[in-house]
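Asker: These protein sequence lines are chains A and B, in that order. Residue numbers are given in the numbering used here: position 49 of the first sequence equals residue 231, and the series is strictly consecutive. Residue numbers are given in the numbering used here: position 290 of the second sequence equals residue 424, and the series is strictly consecutive.
Any given hint might turn out to be false.
Cut-off 20 Å, straight-line C-alpha distance, at most; resulting in silico cross-link-like pairs (PhoX-like, lysine-lysine) [as the list claims (entries may be wrong)]: (1) A:194 / B:390; (2) B:372 / B:294; (3) B:453 / B:161; (4) B:359 / B:370; (5) B:372 / A:217; (6) A:217 / B:370; (7) B:281 / B:390; (8) B:281 / B:399; (9) B:268 / B:370.
In case anyone wonders, no lab produced these hints; they're calculated from the structure.
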Amino acid sequence: MSHDHVHVSNTKRIWFVFGLLSIITIVEVILGIIKPESLYMRNFLSMNLLNWIFIILTLVKAYYIIWAFMHMEGERASLRWAVVSSVVFLVLYLLFILLVEADYIYEVFRTSTIKWNF
Amino acid sequence: MEAITTVNSNEKIWSGGNEPMGANYGKLMMWFFIVSDALTFSGFLASYGFSRFKFIETWPLADEVFTHFPFLHGVSAPMYYVALMTFILIFSSVTMVLAVDAGHHMNRMKVAFYMLLTIIGGLIFVGSQAWEWKNFIKGEYGAIETKGGSLLQFVDNTGKRVKISEFAATLPEAREQLDRSKGTWFTEETTLPTYSVEEIQAGFKAHPELLIRTERIYQDSDADKKDARLQPGLNKRKHKEILTRSESEVMLGNAKYVVEGANLKRNEYGSRLFADFFFFITGFHGFHVFSGVIINVIIFFNILLGTYDKRKNYEMVEKVGLYWHFVDLVWVFVFTFFYLV
């Protein structure tokens, strides 16, 4: 068992991460309510900048939840890689396939004679 | 167990006592479960993305759907409530990690106290989700579905949403609900909407200021600008399209159903798949929170009984903690993809 060494209390770090997650959530909600024109109407890689910010902030939150709360930072590198790399790879793969396919179907609906809206 | 050393003794490797990746059996299996569950949720969210990209021009706008806050009736408060739910869940994650931390110091009462806070946070979250579902199912404005399956909502000449109850006419042809007591052979039907299609059409005729808002999102492209079907002056980029009065009348002629609120078949917010995914993904997540609360309760009583003091370690708290944080992690993604993006 890994309890031979003395555990130092890391409550300070816990509250720091809580503050950070709260601030990120508040920023997300404020941006979501006011939807600044300069971000919402401008695209980067066919997605608007606001959505990019939301997704990046979400990944930052996910990082802190996994690393600090789930204490991934204290695990061995082999466990970290086994968990994180497989999930990241499979999720990216899934998103790539499904979203590209969905965009293709959208194009078919839009440009061909198949219509659902009448 | 601790006495077994595997250094330089190949015979002992398979006889137990090893800890691959430095984590004990229970913790490692919890991580593997989390990986598989994370992939399940990713599958759900990715299929939500699939349907959304497929109907990208007509998908409902989340900040128009989730606008309720307790005790604020008629006030449009997009996202405040769901932000509050997010805080509650993050906070219960914090109390959980504090419980794990206290467990490392073998401080029984402190672990129990933080576990109790975690349980309460989880219950508040599940209750909030039930309230959110109630509002979603009940709906607010009502809509019309056409023969072709597209959804029509009503606005006044300033572009403000109008409830169907505000203008629907009352006609004498009211149809009676068929239920089991009246049916020939215990036949029944789903609840009839408050108003019939004819009542909505008559009410629309009597209110010349009303216009119809379609599901399509106005993009302000050249084709959109030239489109004579759209009401001039009211259409804004990345908002739903509003039709002219004459075009609205034509569209309403195709009306087939009155839609109030949401169920698994149709909903007043737009695409049918939107409500299906909402129910399925938030429901599946809510089920995870609920199971998490039950597991936490079991652990809480074990702590009070002193089970982990006898075991001389609080690792069980750590394992359920992993699950609880995972539930929080999933919510972070659900929050982003259902409410923000």
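Asker: For each hint, tell me whether it holds in the structure or not.
Answerer: Here is what the structure says about each hint:
no.: 1; hint: A:194 / B:390; verdict: 60 Å, violated
no.: 2; hint: B:372 / B:294; verdict: 16 Å, holds
no.: 3; hint: B:453 / B:161; verdict: 6 Å, holds
no.: 4; hint: B:359 / B:370; verdict: 11 Å, holds
no.: 5; hint: B:372 / A:217; verdict: 11 Å, holds
no.: 6; hint: A:217 / B:370; verdict: 14 Å, holds
no.: 7; hint: B:281 / B:390; verdict: 5 Å, holds
no.: 8; hint: B:281 / B:399; verdict: 15 Å, holds
no.: 9; hint: B:268 / B:370; verdict: 31 Å, violated
When the structure is compared with the earlier hints, violations turn up for hints 1 and 9 and for no others.
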